[in-house]
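Number of protein chains: 4
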Amino acid sequence: MAANTWGELFRVTTFGESHGAAIGAVVDGCPPGLELSEADIQPFLDRRKPGQNRFTTARREADSVKILSGVFEGKTTGTPIGLLIENTDQRSKDYGDIKDKFRPGHADYTYAHKYGVRDYRGGGRSSARETAMRVAAGAIAQKYLVEKFGIKFHAGVVQIGPHCTDPGQPDFAWQHVASDPLFCPDRTMSEAAQEYLKQLLKDGDSVGARVRLEVTGVPVGLGEPVFDRLDADLAKALMSINAVKAVSIGDGFAVAGQRGSEHRDALTPKGFASNHAGGVLGGISSGQPIIAEVAFKPTSSITIAGETIDIRGETSSIVTRGRHDPCVGIRGVPVVEAMAALVIMDHWLRQRAQNGDVHACVPNIEL
Amino acid sequence: MAANTWGELFRVTTFGESHGAAIGAVVDGCPPGLELSEADIQPFLDRRKPGQNRFTTARREADSVKILSGVFEGKTTGTPIGLLIENTDQRSKDYGDIKDKFRPGHADYTYAHKYGVRDYRGGGRSSARETAMRVAAGAIAQKYLVEKFGIKFHAGVVQIGPHCTDPGQPDFAWQHVASDPLFCPDRTMSEAAQEYLKQLLKDGDSVGARVRLEVTGVPVGLGEPVFDRLDADLAKALMSINAVKAVSIGDGFAVAGQRGSEHRDALTPKGFASNHAGGVLGGISSGQPIIAEVAFKPTSSITIAGETIDIRGETSSIVTRGRHDPCVGIRGVPVVEAMAALVIMDHWLRQRAQNGDVHACVPNIEL
Amino acid sequence: MAANTWGELFRVTTFGESHGAAIGAVVDGCPPGLELSEADIQPFLDRRKPGQNRFTTARREADSVKILSGVFEGKTTGTPIGLLIENTDQRSKDYGDIKDKFRPGHADYTYAHKYGVRDYRGGGRSSARETAMRVAAGAIAQKYLVEKFGIKFHAGVVQIGPHCTDPGQPDFAWQHVASDPLFCPDRTMSEAAQEYLKQLLKDGDSVGARVRLEVTGVPVGLGEPVFDRLDADLAKALMSINAVKAVSIGDGFAVAGQRGSEHRDALTPKGFASNHAGGVLGGISSGQPIIAEVAFKPTSSITIAGETIDIRGETSSIVTRGRHDPCVGIRGVPVVEAMAALVIMDHWLRQRAQNGDVHACVPNIEL
Amino acid sequence: MAANTWGELFRVTTFGESHGAAIGAVVDGCPPGLELSEADIQPFLDRRKPGQNRFTTARREADSVKILSGVFEGKTTGTPIGLLIENTDQRSKDYGDIKDKFRPGHADYTYAHKYGVRDYRGGGRSSARETAMRVAAGAIAQKYLVEKFGIKFHAGVVQIGPHCTDPGQPDFAWQHVASDPLFCPDRTMSEAAQEYLKQLLKDGDSVGARVRLEVTGVPVGLGEPVFDRLDADLAKALMSINAVKAVSIGDGFAVAGQRGSEHRDALTPKGFASNHAGGVLGGISSGQPIIAEVAFKPTSSITIAGETIDIRGETSSIVTRGRHDPCVGIRGVPVVEAMAALVIMDHWLRQRAQNGDVHACVPNIEL
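Residue numbers (full-length UniProt numbering), protein chains in the order written: chain A, 1 to 367; chain B, 1 to 367; chain C, 1 to 367; chain D, 1 to 367.
A portion of the hints provided could be inaccurate.
Each pair may be met inside one copy or between any two copies, as identical chains are not told apart.
[Stated by the list, open to error] Pairs of lysine-lysine, DSS-like flavour, derived with a Cα cap of 27 Å: (1) Lys101 x Lys202; (2) Lys99 x Lys66; (3) Lys66 x Lys148; (4) Lys99 x Lys75.
These are calculated hints, taken from the structure and not from any lab test.
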């Protein structure tokens with residue numbers, strides 16, 4: 001039972017609380033011989049690091065990762081890779097006043113009931129801080145996958161409150177994400193959303209977001225029917241990210257309104273004629289780009305007073321001071337890429353176990 | 001690596017192909033002392049059984065389940081429960097003509113590439129026939145959960161093509177599902193959808209559907225952060241059902257447009273004031289009803305000719321004769337309930353393992 | 001938690017009680033393309049089948065296995081292989097008189113306390129009958145391993161009570177096992193042991209046995225440090241066989257008396273100079289023959305009255321009528337081979353997952 | 001696939017190499033509310049710490065453990081417990097000369113073939129240094145088990161080369177172990193063995209050892225048939241310890257020579273009349289003391305030159321300088337206790353999952 005472990009063959013176990021001494025991860029099952037150093041991982045962590053701009057929490061964390069094991073003379077050895085990030089900026093006093101109250105929309109209430117005790121400092125284990133280790137582990141998977149198959153992961157914010165975009169829009173371009181303060185692939189949407197967020201900050205409120213993922217270069221044949229389908233594991237991986245409330249593959253919820261003659265992707269000698277399926281058929285990758293979208297709820301940590309109860313069950317009111325993101329979906333972008341990488345890495349190893357290397361050579365059919 | 005096994009503590013392993021000798025399942029980890037017989041499981045299977053009405057495939061399967069082990073003198077013994085259903089109505093000749101072609105929208109292409117061989121008869125392992133064993137195993141979980149906690153599972157079709165409903169509609173009532181030919185909780189929507197399906201059958205086409213799930217009576221504290229969150233496992237369980245392309249919890253994708261002040265559910269001494277979260281906070285059940293929705297794609301098996309390629313990669317055209325549902329989402333309803341039951345059963349045992357029985361006694365807070 | 005499942009990648013799940021309707025297994029993870037039919041499995045089952053000679057239980061079971069899924073047109077498809085054996089000769093009345101008593105040396109007492117209920121007919125799930133499915137699953141693994149690597153499994157009885165042998169004895173020869181009624185590789189020992197067993201049958205008593213295993217052709221590199229070492233998994237696999245009380249690798253307990261200068265196996269350009277290690281170094285196969293020994297306890301089902309208590313805790317006496325082996329170790333031989341095959345098959349797939357096919361090509365160094 | 005993880009519900013994942021920056025572990029699944037601090041773990045580490053006396057390696061390691069997560073205000077929270085020990089005394093130059101040679105009896109050869117690369121410094125991951133984290137994790141399990149059930153773990157060296165003892169000996173007393181330099185329960189044997197070891201050190205040789213384990217206070221009902229039997233998991237746990245080559249339960253290999261009338265333990269209203277079974281029946285704990293023995297091979301790191309080959313396959317000779325134990329079995333004692341604690345802890349949680357707390361209350365029957 002691996003509550004804090006992801007994966008069957010490429011296994012990532014994370015530990016650590018928001019305001020503990022450190023957070024860390026153990027990556028078990030990484031193939032040997034992969035060139036790896038902290039410098040390969042740090043850039044991924046820097047992307048999700050807090051304090052990057054006015055739209056992310058002011059909390060300052062160096063988030064500098066250390067590799068404690070599994071790498072020798074610059075290469076992975078096949079033994080578990082220990083990763084550690086020390087927590088440096090912990091202002092626990094920010095949280096003392098909520099020690100005895102359950103913040104609405106947070107895990108305080110459920111953790112208290114489940115475990116009988118809870119580390120109330122910044123949400124403890126339930127803090128999104130844990131996702132830093134997912135990003136660190138995902139960076140290793142992404143490095144392996146790009147070197148082995150040329151697999152590329154693109155994720156970006158395609159909706160913030162009333163502002164949204166899609167690949168059909170004139171200004172939509174994945175390469176824009178890297179330089180955009182909102183990790184948005186559409187400059188026009190981004191500018192409108194930034195104005196919206198400035199007002200939101202004045203209001204002391206927060207907003208949700210929708211993130212789109214596209215993965216290219218995935219070979220045909222990844223995914224294990226019937227339960228461990230590639231899309232099923234992807235759904236779990238993405239839904240396991242803090243604040244995510246919905247996951248879709250390909251056309252997603254729109255398929256409920258489609259006809260079979262409209263949805264099915266025709267096959268031609270040159271490849272598929274369309275990609276309504278989102279790159280997965282019968283739970284197995286088809287060689288087309290894998291397309292998914294996820295919805296992030298607005299953070300409940302806002303400065304607008306909220307009605308709640310205290311641990312004695314008495315009515316109370318709460319204002320979350322602390323330092324928080326007005327839109328947690330923004331920093332969720334690298335986490336979405338990381339989880340997708342962990343899923344695909346794990347399934348590649350599973351495919352190789354049962355079917356051998358040869359099947360990985362199947363030409364990746366795309367238009 | 002349990003591709004054909006669901007669960008950590010309440011483990012269900014299924015096997016069998018659409019046109020093989022039989023399909024079966026092994027349920028491992030069921031607590032001893034549960035009164036159980038075939039009569040407790042059969043009604044659940046009868047709900048998803050084909051040939052129930054004009055809107056489901058004409059294939060006739062008795063789908064009568066046999067318990068081969070794990071039950072002694074009418075009670076479970078704690079040893080694995082073997083379940084078997086023999087395939088009786090297999091018209092393999094229906095499939096001979098597609099032996100060398102990949103049906104668009106089906107798993108033919110991906111299975112062929114992944115495994116190098118495939119059982120083309122009715123989709124073999126990729127056929128939704130496999131879900132019969134999920135329903136059989138889910139029936140055991142549902143019996144345990146209703147007796148232990150009074151947990152109730154409600155699922156129903158809330159959208160078919162252009163026709164949809166929601167709990168706010170005047171005719172929406174869960175009790176209507178049992179008697180409705182489309183497993184729809186809204187008579188008005190059902191009648192309109194039935195007219196729509198009749199025309200669809202004439203056209204030889206199919207359509208997608210959206211199914212809503214509500215689970216009541218779930219105790220507080222089920223779910224294992226950080227990866228095995230209750231909602232994450234629910235997302236995987238539902239996405240693993242054939243034809244499902246999207247899963248949402250609570251307000252789902254709508255949260256991308258919400259503000260924190262609007263989304264967070266206030267806590268009062270009498271319970272939560274709303275349920276935008278859908279019964280899960282931080283991946284742990286809150287005691288509120290668990291609410292989820294899933295989208296089923298339209299089946300690709302239609303009598304309208306489709307463009308495809310054969311195993312030599314040459315262009316071809318295909319018409320799926322066989323016998324199929326115009327809307328697979330309808331018969332997906334009992335499968336959705338079954339998978340939800342497997343997830344909750346598994347997490348209840350995990351909760352008991354780490355926290356003991358006492359935590360299950362936490363009063364179930366609801367408005 | 002897979003109490004009734006063996007393996008990580010080549011997974012075998014068994015079910016069924018001694019006197020239930022049937023026993024069965026699901027083999028999940030078998031590579032596709034392996035030629036397989038019942039005829040490949042049956043001979044292995046026939047070896048352990050009861051009623052073969054005067055030294056094994058008189059119970060008559062056809063033990064004819066059926067493949068229910070996972071094989072199409074004579075080849076495995078990569079989907080789970082369902083195996084079933086119907087129980088034909090069940091004389092439950094033999095057991096009615098022990099319904100309320102705990103047979104000493106049996107699992108009656110522990111099952112009753114653990115589960116609160118127990119299927120007392122022939123020991124129910126605790127009966128060695130379950131091992132028939134291990135042999136069936138092991139047969140599939142052995143077929144794959146001999147075809148892929150030429151791996152050969154040799155097991156035989158090397159001790160029965162006071163009579164024993166070892167590879168140094170003049171009459172010791174593995175090929176003798178197949179034709180020997182005691183599965184003994186040494187004709188001289190076998191004849192003496194047969195006389196001993198005849199007297200034992202007259203006495204209504206039973207005796208223990210020691211079984212030796214040698215596996216040749218295993219490539220270098222199988223085994224996953226640190227916990228899933230090849231020898232550790234072998235130890236678990238063998239200790240999980242009914243009645244086994246001890247497992248040793250290579251020189252086994254004798255190493256406690258050895259010096260380092262005597263134990264370590266020197267390496268030469270032509271290979272290892274000796275094999276005190278038993279083919280495993282650091283938990284990884286060395287390419288030498290894997291050598292293990294196991295001890296089977298004498299069955300407690302004998303006709304000599306034994307002191308015990310009934311379910312009310314009152315003192316009582318019991319005589320096991322039923323039909324039993326005087327030496328269960330004999331029929332344990334094919335089970336030992338089967339479990340070794342499951343371990344090696346699983347580790348081969350794990351090796352391929354992490355290190356790819358290439359590492360399997362490492363020349364197998366042997367003297 | 002959890003090569004570096006032990007357990008299903010009480011999961012311990014270890015990482016780290018002998019001469020890396022640090023070694024660590026993540027303990028996932030520990031019940032919340034257990035009082036825990038470094039001071040509870042350190043004494044267990046100090047027992048196996050090198051440099052304790054002339055009979056253990058001169059390597060000096062503070063081995064001071066840090067708890068990085070999972071504990072808040074002195075109590076476990078139910079979230080993963082991160083443990084870290086920094087490596088302080090690494091003399092890598094000791095190993096430079098064996099960089100290109102395979103030490104006979106070590107894992108150098110198998111690691112090199114399996115992974116293609118190896119950290120040759122002190123054996124890297126294959127070093128027994130890894131067992132420090134097993135002891136740290138085991139300390140947590142032991143604290144929980146003694147507080148919950150009063151379970152006590154006794155292990156001691158009962159054989160070193162030609163010198164041995166057993167519980168029947170006049171000087172045999174478990175309480176002697178704590179003060180004995182060889183962790184031997186028999187002063188007479190210890191004194192003789194110490195003289196033997198002094199000579200061995202002069203010879204630059206090493207010797208094997210046999211360690212006996214007795215666990216008292218284990219409730220009836222722990223263990224999961226059929227594969228995850230308590231004795232099977234114990235066998236794997238103990239065989240997974242570096243240098244262990246054999247494991248026995250109860251009478252062990254002696255059962256091969258016993259008769260059923262002699263072996264079976266009679267049940268009386270006051271409990272079992274004997275314990276040939278070693279506290280396990282049908283893979284489930286009987287409530288009697290659990291008795292096991294393991295054999296440790298002599299370390300191959302000795303100053304007597306050994307024949308070997310280098311990485312080019314050419315013949316060579318090697319002398320292990322480094323700093324090593326003449327008898328690794330001595331420091332194996334706390335590791336044996338730790339692994340037994342991990343097995344029992346895991347099975348207790350598994351028992352509670354399936355059967356609930358009530359079954360833990362079953363009176364623990366002992367003479």
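Against the structure, the hints come out as follows:
Only within a single protomer do Lys101 and Lys202 lie at most 27 Å apart by alpha-carbon distance; the minimum there is 25 Å, versus 60 Å between protomers. For the homomeric pair Lys99 and Lys66, the shortest alpha-carbon distance between copies (26 Å) is at most 27 Å, but the shortest distance inside one copy (32 Å) is not. Proximity of Lys66 and Lys148 under a CA criterion of 27 Å is satisfied intra-copy only: 25 Å inside one chain copy versus 38 Å between copies. For the identical chains of this complex, Lys99 and Lys75 are inter-copy neighbours only, at 16 Å across copies versus 45 Å inside a copy, given an alpha-carbon limit of 27 Å.
Checked against the numbered hints given earlier, this structure breaks none of them.
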